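Asker: Those protein sequences? They're chains A and B, same order as listed.
Quick note: the first sequence, position 121, residue 125 per our numbering, numbers continuous.
Quick note: the second sequence, position 405, residue 388 per our numbering, numbers continuous.
Careful: at least some of the hints might be erroneous.
[To be verified] Chain B regions said to be covered by chain A (calculated; three or more residues, Cβ under 8 Å):
#1 332 to 339
#2 376 to 385
[What the hints assert, rightly or not] Below, a list of computed lysine-lysine pairs in the DSSO-like style, where the Cα atoms sit at most 30 Å apart:
#3 A:135 <-> B:328
#4 A:71 <-> B:388
#5 A:64 <-> B:388
#6 A:17 <-> A:71
[Said to hold, decoys possible] Label pairs and their calculated CB-CB ranges:
#7 B:463 <-> A:64: 50 to 58 Å
#8 B:392 <-> A:129: 18 to 26 Å
#9 B:531 <-> A:86: 51 to 59 Å
Hint data in this document are derived by calculation from the structure and do not stem from the laboratory.
Quantities reported herein were computed from a predicted structural model and do not represent experimental measurements.
Heads up, the beta-carbon is just placed ideally off N, CA and C, and yes, glycines get one too.
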Amino acid sequence: MSKPNIKAAPTNKSLPVLIEMRPAWRISLMLLVIDVVGEDKGYIDYKKLVVLIWMVIRTKHWPEYQKFLSGGEEIPFISVDTATQKALELAANKSFVKAEDSRVYLLEEGKKIVELILENQLLASESAFLKEYGKKLTSKKVDQIMGKGN
Amino acid sequence: MLSLTIKKIRMEVDTNGGRFSCEYSLNNGLNIIRAENSSGKSTLMNAIAYGLGLEAILGPIRNRPFAKSVYDYLFEDKKEEKQFYVKSSRVILDVENRNGHKARIQRDIFGNDKLAIVTEEDNKPFDLFFGSSGHVGSANSEQGYHNWLLKFIEWDMPLVPTTEGKEIPLYAECVFPLFFIEQKRGWSEIQANAPFHYKVKNLKKTSLEFCLDIDSFEVERDINDLENRKSKLENKWSKEVASIHAISESYTVVPPRYVVEDISESRSSFEWKIKSDTSEVSVNSRVLGLKKHISSLEEQLKSSNSEDELLLEKKSIVTGLSRNVDELGNKIERNLASVRDIENKLERLNQDLSKYLQLKRLQTVGSDTSLEFQKCPICDSDMFDSLADTASKSMTVEENLEFLKSQIGFYDSILTKQTKDIRSLTSELKVMQASHELELGHYEKLKAELKEVNGIERALHREKIIAEISLESFESLAEKQTELNDRLSNVFEEWQKCVSELKTKKQNRKVSSSESTLSLLESTMRDFLQSFGFKPDALRSINISRQSLRPEQEGYDIVAENSASDYIRIMWAFTLALQKVCSQKDALKHGGFVVFDEPRQHETNKNSFLGLIEQASRSKDYGGQVIFATSIDESAIRDQCESKKVNLLSVDEYLLKREPGLEGLGKGPD
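For reference, chain A alone in the conformation it holds in the complex:
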């Protein structure tokens, strides 16, 4: 009896992607963060942007983040997320944003997307979270999260 010939065959089947790993979704969040928190200035500090995107993605941890941003002492865990960096590069290349002097600026093309998001009432809970707590993320709090100051 001959031995069965078993070979590993690569599959062409597409795999599902977590919503936060979709470039369009993360870029939309990024543009919303700059628009809501950056307000009239039209820009946001890069580190704040990274922290806020981390927070806004993790809806399950919002109570924890809200407590910290409202003056709580317990510092939430936040780590490096290379996907945000990639999304920033893609967004910059599409002229949605520009990065300069550790700031990220919202450009005209990016503003158009934010307008679409707001007009169509998309990302409504994320927008509400940012409006209420986004501005409470001070540079001091960012340092605390990064483990620099107490």
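Position chain B relative to chain A; hints supplied.
Answerer: Chain B only, in chain A's frame:
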């Protein structure tokens, strides 16, 4: 067959200034009543439907389907401001059926509108009522107008099911919207004014089936009966199952797991189980066990037995039951934990689904601003739509949405099953706890009794009495079980038979439609469309739906999918094709005439409308009659009308004109 021809229409309005009237003779073939807007064309067209007692086809809540000129006041001409007040008004129709029998129908518009005066040939006129007389409607009574009309046009109306599961005759008003297209709503879709208040099931299709003699009424009635029977059996079944569960609770036995309220998911018989300390036994085994136990107790009473042995036996039962209670409790805990996990998973999946739907919406509304990344904007190489470092192809947003939906469906079904399991385990636990408490009580009592004089005998007697009571109770439960199983299997068998009959009938329904009639209707409609200027490519995509029997384009409803010009031309073509096809077979039924009130010619080009005039005028060749009311300029159609011998009645003033005297129409039909 074409059932009716309108030979003459006359309207009379008696006012304080004398009688106003108009009278038009109509021919087979095309008749065009041309007048400016607000001259009374629609009043005249509506009078045809009203005179025939079919005002229901003029649209919902049309109790007064006419203008003020027949109810309140009217003017002599368009320049006059003097009002003449209406005292009474009426419509008089001369009609002829397919055998050439003539009749005159006179009905008051303002006056006694519940009565029609009918004169057949040269006979004496007789009165017929509209609406209902007591409990009998005018379609069912010998004195009812609709009964007379149906006999006159030789229509035998079938009984059809209603949405409430009853049966009623198909009324003429349900069918005539196919032939009479009034101005206000009629052009919004084919059969726009079908009267839904009669609650006829699949009203539009049923009316077309009647016209096209696609006789599925018998089948539909049988299906309706079978569905009613099936639903009654399902109700009966769920009542029986509910009573089984109630009995289970009162006898503290485990309710049957596989006999459930939904008959389609159930088994047809059950066995009650009783949880003992070590196992689960059926009622019949329990009865046998108790009988053996009683004989053994009798034996023990005869011989002397050690007290310890009896006590040990009871203790082991109590310990076994206590272990079962703990095991069931743990099992429920494990299931509850799993349910919590699934609920969390579902929450996450639903959140993802909602976010994906938002992303999809964003991509749709933002089609001008590209948010898609198929090529890397930095290095221009192919890019998977993902920020993760992956070598695998990513699903598209649409695929991911479908994936999430299927995951939600999958976890939902697991959640349903586990929740069901927990319910069943909880009722088992209740039974087990009750048995444990009972046995523990017996054990405690036995222990106390054994300390007393003659304790062992008293204990054995007590045990025997308890066993005898228990035996009696389980014997009665076993009887109930047999009785209930008989009833369940009867209902189950009957239900299965019903389901299989229903399946066969539904299959028959699909094949019963008369393909040749539908093909003829389809080809005739396409011929008409071609002469209305439809291009051959577009023609091929227009069919008669075998499901709805109405026209469709590439499987879609014509209202939703076509341009206004296409859609109006399809309505013309379908309505005329229905008349032509029905003229060719005796078994097919058509009102005989077609009315187009303002046929929306402005939404098509001139040639299409001239094509319509030509085709409508040819209805004469097969004995049909077409009546248009239009405000189109006479010069635009005069040549076409003359060459096609169209009966063109052109009026520039009000249609209702003041008569010099008060004489009306003659006494009998022409």
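Asker: Next, verify each hint and record whether it holds.
Answerer: For each hint, the structure was consulted:
Counting residues of the region 332 to 339 of chain B whose CB lies closer than 8 Å to any CB of chain A gives 4, which reaches the minimum of 3, so the coverage claim holds. Coverage of the region 376 to 385 of chain B by chain A holds in this model, with 7 residues showing a Cβ closer than 8 Å to a Cβ of that chain against a need of three. With a C-alpha separation of about 28 Å, the suggested pair residue 135 of chain A and residue 328 of chain B falls inside the 30 Å cut-off, and the hint holds. Taken as a hint, the residue 71 of chain A and residue 388 of chain B pair is broken in the structure, with Cα atoms around 34 Å apart against an allowance of 30 Å.
A threshold of 30 Å between alpha carbons decides the hint, and for residue 64 of chain A with residue 388 of chain B the separation of about 21 Å falls inside it, so the pair holds. Using a Cα cut-off of 30 Å, the hinted pair residue 17 of chain A and residue 71 of chain A is violated, with the two alpha carbons roughly 43 Å apart. Between residue 463 of chain B and residue 64 of chain A, the C-beta spacing of about 52 Å keeps the proposed range 50 to 58 Å intact. In this structure, residue 392 of chain B and residue 129 of chain A meet the distance hint of 18 to 26 Å, their C-beta atoms being roughly 25 Å apart.
Between residue 531 of chain B and residue 86 of chain A the beta carbons are some 56 Å apart, a value that agrees with the proposed interval 51 to 59 Å.
Hint compliance for this structure: hints 4, 6 are broken, all remaining hints hold.
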